[in-house]
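S.K.: Here is what each chain is made of, one letter per residue.
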Amino acid sequence: MIYIHIPFCESKCLYCDFNSYDGIDYLKASYADALQDDIVKSENIFNIVETIYIGGGTPLLIGAEKIQLVLKTVKKTFDVAKEAEISIEANPESINPGDLLKLRESGVNRISLGFQSLSDRNLSLLGRIHDANKAVQSYLLAREAGYENINIDMIYGIPGQSLKDWEEELEQVIDIGPEHLSLYPLSIEEGTPLKKMVDDGRINDIDEDNQAEMMEATASKLLKYRPRGGYRHYEISNYAIDGYDCSHNLNYWSCSDYLGFGAGAHSHRQGRRWWNVDDPVDYVEWLGLGSKPVAGEERLTIESRVAESIFLGLRMMRGADIDRIEERFEVNILKMYESEIKSLIDDGLIEIGNNLKLTKKGEIFANQAMSAFV
Amino acid sequence: MREGIKLVEERDQIRNFSIIAHIDHGKSTLADRMLEVTDTVSKRDMKEQMLDQMDLERERGITIKAQAVKIDYKSRDGRVYSLNLIDTPGHVDFTYEVSRSLAACEGAVLIVDASQGVEAQTVANTYLALENNLEIIPVINKIDLPSADPERVEHEIEESLGVPADEPVLVSAKTGEGIEDVFEAIVNRIPPPKGDESRPLKALIFDSKYDPYRGVIAFIRVFDGELHKGKDVVSMATGIKSEVEEVGIFSPEMTPVSKLGCGQVGYLITGIKDVNDVKVGDTITDKKNRAEKALAGYKDAKPMVFCGLYPLDGGKYSDLRDSLEKLNLNDPSLSFEPETSNALGFGFRCGFLGLLHLEIVKERLQREYNVELLATAPSVAYKVTSNDGSIKTINNPSEFPEPNSYSVIEEPFIKAKILSPPDYVGAIMDLCQSRRGVLGGVQYLSESRVQISYELPLSEIVLDFYDQLKSRTKGYASLDYDHSGYQKTQLVKLEILLAGESMDAFSSITPREKAYERGKYLTEKLREIIPRQMFEVVIQAAIGGRIIARETVKAKRKDVTSKCYGGDISRKRKLLERQKEGKKRMKQVGKVTIPQEAFLTVLKVED
Chain A
1 MIYIHIPFCE SKCLYCDFNS YDGIDYLKAS YADALQDDIV KSENIFNIVE TIYIGGGTPL
61 LIGAEKIQLV LKTVKKTFDV AKEAEISIEA NPESINPGDL LKLRESGVNR ISLGFQSLSD
121 RNLSLLGRIH DANKAVQSYL LAREAGYENI NIDMIYGIPG QSLKDWEEEL EQVIDIGPEH
181 LSLYPLSIEE GTPLKKMVDD GRINDIDEDN QAEMMEATAS KLLKYRPRGG YRHYEISNYA
241 IDGYDCSHNL NYWSCSDYLG FGAGAHSHRQ GRRWWNVDDP VDYVEWLGLG SKPVAGEERL
301 TIESRVAESI FLGLRMMRGA DIDRIEERFE VNILKMYESE IKSLIDDGLI EIGNNLKLTK
361 KGEIFANQAM SAFV
Chain B
1001 MREGIKLVEE RDQIRNFSII AHIDHGKSTL ADRMLEVTDT VSKRDMKEQM LDQMDLERER
1061 GITIKAQAVK IDYKSRDGRV YSLNLIDTPG HVDFTYEVSR SLAACEGAVL IVDASQGVEA
1121 QTVANTYLAL ENNLEIIPVI NKIDLPSADP ERVEHEIEES LGVPADEPVL VSAKTGEGIE
1181 DVFEAIVNRI PPPKGDESRP LKALIFDSKY DPYRGVIAFI RVFDGELHKG KDVVSMATGI
1241 KSEVEEVGIF SPEMTPVSKL GCGQVGYLIT GIKDVNDVKV GDTITDKKNR AEKALAGYKD
1301 AKPMVFCGLY PLDGGKYSDL RDSLEKLNLN DPSLSFEPET SNALGFGFRC GFLGLLHLEI
1361 VKERLQREYN VELLATAPSV AYKVTSNDGS IKTINNPSEF PEPNSYSVIE EPFIKAKILS
1421 PPDYVGAIMD LCQSRRGVLG GVQYLSESRV QISYELPLSE IVLDFYDQLK SRTKGYASLD
1481 YDHSGYQKTQ LVKLEILLAG ESMDAFSSIT PREKAYERGK YLTEKLREII PRQMFEVVIQ
1541 AAIGGRIIAR ETVKAKRKDV TSKCYGGDIS RKRKLLERQK EGKKRMKQVG KVTIPQEAFL
1601 TVLKVED
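Chains A and B are the protein sequences, given in the same order. If you count by the numbering used here, then the first sequence holds residues 1 to 374, one letter each, in order. If you count by the numbering used here, then the second sequence holds residues 1001 to 1607, one letter each, in order.
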């Protein structure tokens, strides 16, 4: 599986702490070159590539043609499966029919749309540059271009948003009918403009109780929604119609190997994890000088790999696969964590079936359960 | 026996003296200078402040253990004098030890800072010296400072201490100015020791320390008779018999000598291994030729302040026991016995001479013995007379009697002397008044110095009093106190309940009139400190089973990281690790998780 990071934004959203930048348009062309350089020089760790994910930033800002070139380079370098899942993130304002077609020609078959909200008030509070109308338009364009696997990203628990407000937005999104939904409670991260606004008292801080209520309401609303078999809650923040789980992300949560290309992208192979330099200027420069763009690496002990397998596994509603972990690491986690597991079961946070998994209560207190294993 | 150690046998060439001073008035600096100019310690071996040997002593500028050193001084009269300097512990908690050290001397050098003037400790220690009939030599130090005002200080010494200061020695221990005048005053004004070599042995133990190879080393002053190797001796208070293995002097390292004669100061090793058998203030005499009466003033030092000490990590319980045992080797005044707490697990109930002693022990355990500790609120020893007339002493809220089972409770009181610039008199009186104090008097020592006397319950002093005094007077006030016996008061046991369960670590014995206020304060504070948990936590304060205050920590509604993809797995793992680590540092009581900080609230009093 391959991740490609494209860190350009037209304007940075107020809540965003991702590795993305505005005001560096001049770098786009050389960044696309550097990306291809990075891919070509990479070690090939896969027999076959089953998923590719192009994320950002706003990937389309470097132009659909550049993305086509990058994908071509990937296919030249790696053996990409014919039916591979190839996703791209897109923001409503960055979409046009021509680009959508070009991407489809290059094999992109899944689009993740960053709606974030369907309320203009909330969109402007978050610093998004599109409005609700533009969001719905972008979805329709993607459908018209023939995409049959569409995700919509939404954020809830925005200061000033009531439970009823959120339920209404959620109903609208469901009616629009994407195959996949990623629903995140807003979190106010250090160093973001939103954090400063909260600190300065210009907006209210997040109301955790309110968010918790919305979280529970979200799960129950989606449970009731039945068209096309209904949305299944398959990861803490992710829902999908049967057969449309995001394979790429499932791989992360199953501790598979992956290669990341682009500024700040992480790679993982068999317990070795390494990451590229965050700054896209450095990324371009290092590759230009013939160096690897790698900024750091860590080697995980078996214990850490087991711990990661559990806490990432618990993110999925199907749970952590006890037998698979034993096959990989020769460790029986039921024995290794006997007392932790017992006390978490007593607290009603986890249960054991074929897998070790979170209960309904465990879903909202996931960190309590996960921290027992690290 | 080392060659070249010349012992002054002539008793009129011996002078035994102490230096008494308030913290920071320059006691150690003066002592260092005296050692230096007489070449007692070579410059090369001279650590800053030779006599304060522990790190903690150096840091806090106080002496915890007494030290002794022999200085050979060639006087202006051409004769060489043997001066024994006995350095006294410098705090009210160690009053008894100070008085025993002073009892080993004929004179005392009283140092007063030329700009700070007389402080509470100066007064207290001077009185102790006067009680021991010592000749007092006032020395005004730090005359090199621009703010020095020796005349004013001279006036304060006369006014507050009743010591004629017409001949104070003016020195700067820092620059060395006037040091020789101090020596001459010691030689000329302090009388040589009296005593009779032919009478039965009487030697005073004024301190002891433990050496893992030699056993207990007693610091002694010979009053009558003499001591030599092989002599059979007996301690008059404890009745413990032993044979002298070695006697010696401090020059300044321990140096064996053939005998210690009348008036001399030195050390004694008998092979006794337990410091508790060598009691400060006890008299050593000849087993065969016993002295009729022991030297006056012996007391068995009793702990006055108590608290529970618990290892932060429950697995370190036996480490804590080992550390306490080791500390106890050199500090017999520390007492401890095992206790268990529902909140803190296994620990020890410890007794201390006073609050400073408590702090020193706590800090040494953490620092030198590397045991992280949680301490319960300090308590004093209460006397409870039960309905059947029997009297019991309790120092732990858990021992507090049932409401109708007793007739009287008494608590220890102190007489406090507080010295301060006049500007803060109001603030000091407010503080003392709020701590159930009764004003004894206000005396103006000079335009810049007032002495305020109060009688207060000791329990009010052990809880955050000293810090409050310092902060309300910008650090200018100083405090000293004497114990003044027990008085009947109205006390109750204030209990704190978490999730319905009484938490012994938060319980306290509290004056009835303050219990409601205190209960309200504690529950409010705990509500702020205890983090939200997966369930609601009710915090209650109760007296005799009746709830008087209630607060609630609302249940936490979620604790979940919503996003975790390939780029932030490491970061999210570290966050989980931190969460686990944080939880480990908290105490788990039943289902409730309590941060350490919560245990500190009981050590504070509402402002």
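One or more of the hints may lead you astray.
Okay, the calculated beta carbon distance ranges per label pair [said to hold, decoys possible]:
hint	chain 1	residue 1	chain 2	residue 2	range
1	B	Lys1554	A	Ala219	51 to 57 Å
2	B	Asp1568	A	Thr301	15 to 21 Å
3	B	Gly1500	A	Ile24	23 to 29 Å
With a cut-off of at most 27 Å between alpha-carbon atoms, the simulated DSS-like pairs for lysine-lysine come out as follows [as the list claims (entries may be wrong)]:
hint	chain 1	residue 1	chain 2	residue 2
4	B	Lys1520	B	Lys1556
5	B	Lys1563	A	Lys12
6	A	Lys342	A	Lys41
7	B	Lys1583	A	Lys342
Calculated from the structure, these hints are not laboratory results. Built from N, CA and C at the ideal position, the CB exists for glycine as well.
S.K.: Does the beta carbon distance between glycine 1500(B) and isoleucine 24(A) stay inside 23 to 29 Å, or does it fall outside?
M.R.: Cβ of glycine 1500(B) to Cβ of isoleucine 24(A): about 60 Å, so the range 23 to 29 Å is violated.
S.K.: Would you mind confirming whether the straight-line C-alpha gap from lysine 1520(B) to lysine 1556(B) stays at or under 27 Å?
M.R.: Within the cut-off at roughly 23 Å; holds.
S.K.: Assuming the hint says 15 to 21 Å, is it satisfied by the Cβ distance from aspartate 1568(B) to threonine 301(A) or not?
M.R.: holds (20 Å)
S.K.: Check the hint pairing lysine 1563(B) with lysine 12(A) against an upper bound of 27 Å on the C-alpha distance.
M.R.: The given pair, whose Cα atoms are some 19 Å apart, holds under the 27 Å limit.
S.K.: Verify the proposed pairing of lysine 342(A) with lysine 41(A), using a straight-line Cα cut of 27 Å.
M.R.: violated (48 Å)
S.K.: Does the Cβ distance between lysine 1554(B) and alanine 219(A) fall inside 51 to 57 Å?
M.R.: violated (22 Å)
S.K.: Measure nothing beyond the straight line between the CA atoms of lysine 1583(B) and lysine 342(A); if it is 27 Å or shorter, mark the hint as holding.
M.R.: Measuring from Cα to Cα gives roughly 18 Å; hence the hint holds.
In this structure, the earlier hints numbered 1, 3 and 6 are contradicted, and the remaining ones agree with it.
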